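Novice: Residue numbers (our numbering), protein chains in the order written: chain A, 12 to 272; chain Z, 1125 to 1461; chain D, 889 to 1208.
What the hints contain is simulated information worked out from the structure, not anything from laboratory work. A quick note: this is a predicted structure, and the numbers were derived from the prediction, not measured. It is possible that some hints are incorrect.
Simulated DEER-style distance windows between Cβ atoms [as the list claims (entries may be wrong)]:
#1 D:V1133 - Z:D1332: 47 to 57 Å
#2 Z:K1147 - D:I986: 41 to 51 Å
#3 A:T76 - Z:R1240: 31 to 41 Å
#4 Z:G1149 - A:K18: 56 to 66 Å
#5 D:L893 - Z:P1412: 23 to 33 Å
#6 D:R1201 - A:D94: 34 to 44 Å
#7 Z:R1240 - A:T89: 41 to 51 Å
#8 D:T1020 - A:D86: 27 to 37 Å
#9 Z:P1418 - D:T1020: 55 to 65 Å
#10 A:T76 - Z:K1331: 39 to 49 Å
#11 Z:S1378 - A:T194: 24 to 34 Å
#12 Z:E1377 - D:F1016: 53 to 63 Å
#13 D:A1001 - A:K18: 49 to 59 Å
#14 A:T89 - Z:P1412: 49 to 59 Å
Don't be surprised by glycine CBs; every beta carbon is placed ideally from N, CA and C.
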Amino acid sequence: MSLLEIKDLVVSAIKNKEEKVDILKGVTFSLEKREVLGIVGESGSGKTMTALSIMGLLPERVYVTSGNILFSGQDLITAKESDMQKIRGKKISMIFQDPQSSLNPVMSVGNQMLEMFNTLLPDFGGKRKKQIIEILRKMGIPDPERRYNSFPHELSGGMNQRVMIGMMLIKKPKILIADEPTTALDVTIEKRILTRLKELVGELGISLVLITHNLGLVAEHCDRVVVMNEGQIVEAGDVFQIFEAPSHPYTRKLLDEVPKI
Amino acid sequence: MLLKCENLKVYFPVYGGKIFTRKIGDVKAVDGVTLEIEKGTTLGLVGESGCGKTTLGKTILGLQRPTSGTIYYEGKPLIYDAHERKKNGLDPKEGKVLRRKIQTAFQDPSRSLNPRMSIGDAVAEGLDIHKLGATREEREERVVELLRLVGLDPDARKRFPSEFSAGQRQRVAIARHLAPGPEFLVLDEPVSALDVSVQGKILELLKDLQQKLGLTYLFISHDLAVVKKIANTVAVMYLGKLVEEGPAAKIYESPMHPYTKALLAAVPIPDPRRARERQDIQISEEIPSSENIPSGCRFHPRCPIAETPLCQEQEPILEEKAEGQLAACHLVKNNES
Amino acid sequence: MRDDLIRYAIGRLLFLPVFLLIVSFMVFYIGRYGPGDPVLIRAGPKATEETVEQIREELGFDRPVYVQYADYMIGLVQGDLGESINVQPGKSVKDLVIPRIKISAPITLSALAISFSIGTVVGLIASFRRNTWMDSGFIGTFLFFSSIPSLIMVQFMIMLLALKMNLVPAGWSGDWHSVYTTNMIIPVLTISLISVAGVARFVRATTLAVIGENYVRTAKAKGLPSWVVATRHVLRNALLPLVTVVVTAVFTAFEGSLFVERIYGIPGMGVFMVDAVFAREYDIITSMTVIIAMLSVVSYIVADILYKSIDPRVDLTKKM
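Make a model of the complete structure from these sequences and hints.
Specialist: Structural data, given as structure tokens:
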């Protein structure tokens, strides 16, 4: 049984009884344990919607109208909100594109990470705080004791994204979904963050779903690839196969257009 | 030589102090940049965020006042303000002409177009600002011509930006900036917000226009792959200074400065086998702020090869190390390629 | 962090005396050069010209204006707000104003407390249940009430609660000290009912803006329970702008509502100040204007500092 199985997923935006637009038109793919899956496609292809469907965080007026999302056999679509809250951040985590706006601006970075422990009990002996400072250090954030009390606007984009990654991995989830995690960052920092991400994923034995429009990143970091276009998967396969012997014309078009150094 | 910057410095003061706010330092966004752009060519200015490339672009456009140094356009100092021109013994009226000749295309086309203005009107605005196109027919004609030039159907000029794709909107923005008939364009991340497939088309358009209209470009971007497609010369900027400069081909094939090498090594390669075999060049992430520039070579704290005391003490000069290629590094020997 | 707040406060406070000087100067001169003459009011319609001039001299209004101004200012910095001319001849402004503030302030502050609490709750419900009947229903109802002029509203309240239902007195009964009695009910109710809509719409707007933010999405993605997302992430950021509004309202609470006071017969600040203008009570007008101006400025400073202590992004050192 795969770790995550998505079958014929259809997601629609419903304005009222007459106006219905299908955003995802029957998406099917699976994710195995300890693998790095790349979901690639242009903007509007449905990559983010797929991720949000898994997390149960679809925006208003957007619903799953048919299909299955099975996480180790558990159906996520019919799950209650309280069940989903037990899964988010703990079994399946997600990090987003713009780290600067994805963190609460009036809470310190440390306190936001502390929330992952989700308990109302006070932190006796500062154990949790120490744990978090260690995580910050492991993520490569210099001077973590001081940074614990910093606010997001005091840190750079790269730093904030590291905070996000560290934060979302605290509970050691089985799956981490990264939606364009480095698109807003400089290329040298992008490289460092993705390298670190892969190291962590290997250490913790988790599966990574990397959503991006950057084929170069997919080639470098992913084991398998899923190519999306206009709400559908046009091709899926092993990374070498996709890049060296693409079968679908859309995949070929994407590969042709990638600027090469 | 169309445009030349000589030891250009743009500093932003920082205020602080316990009781009375006074200046306590400077953010040295541009810290002594000298470069030249030849007519009809494209200079690709690359660097990561905070290196000062956008500030440099704004200074050329007159949106930012330089702290010191001079910019020359067609051999004469580039001053837009009529009053200042007079002070420097130049014809004050020429300032307006310069504003026409030097144009820009900014980063995010979806935000630079007024959503309540039809694209025809948006393009016409470019004419109105410079008081070109005396009669309504003339204006109309020019708008049609411009839209066609950028590959858009002129019949669509009554429609609004929201009805177009991102790529098309960027074309409209380009048309608008071509309206006054410029010679020199400062392009700051013109394709960053676009999908890869659209990027290619817009870059083709820009190259096409350059040929047709004899334009000169300063192409600013953090994306090395994009710059490769359009630049004749490339200059690499770090913390306010140029660290390497040379013909595009040379820079990409045989970069000299360690920062350039690191940048190139960081660009993802869409080839799984090559990507996994490639050598990794790691540089530390802590980018110093432009307020606290490191001593000596400003790259030394992050540099993988900065071992000598010279690197920590003395700032290297940007000088020619190989034919046509300049680098600012103590450890790059002359005539090395 | 502490010293940039202090520096900001000091900087602003240094500006205050200059500001008050300008305000007092303007009001002083407008009064003296404007139409109307309190001396004539004091003298009465039957007085002779000599009597009028005599009174004028007695009160010191025959002196050049700048002398009068200097005299007033000297008194002001010592805490002397001047004295009344006609309302209660000779009585110091302070003695007249303080008992009235003791009546108006509790009424306005209570109304503030009620309208802000109800308004916030309504606004939050409206935003969490946007575009449903609760949203339009609640907001619509209070909008209806806020569209009724206070003049009409207070009369309606009197008719309903006092005359029809006999729950409260139909007018202010008792004396200066009868504030904390059933006297308060109609004025407080009137003012609060009218103000709820404004607060509710404001809260609704700021909350909606926050709900769509990326960090709220992140908070949900962390698997936090809904109530934590709602309070720590949504509310804290949504209610932040309310700080400024509340602080300024509190500082100027003593001003009182003219129509409500007039109709209900409340001996408060609202009617007092308006009557003072009609009676050309120079000292009362000038002094009260100066005090209101001073409290307004101070309230903005306090609000700014409070805001900064809650929202770390605010930078008070940036030069405007």
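Novice: Which of the numbered hints are not met once you compare them with the structure shown?
Specialist: Of the numbered hints given earlier, the structure breaks none, since each of them holds.
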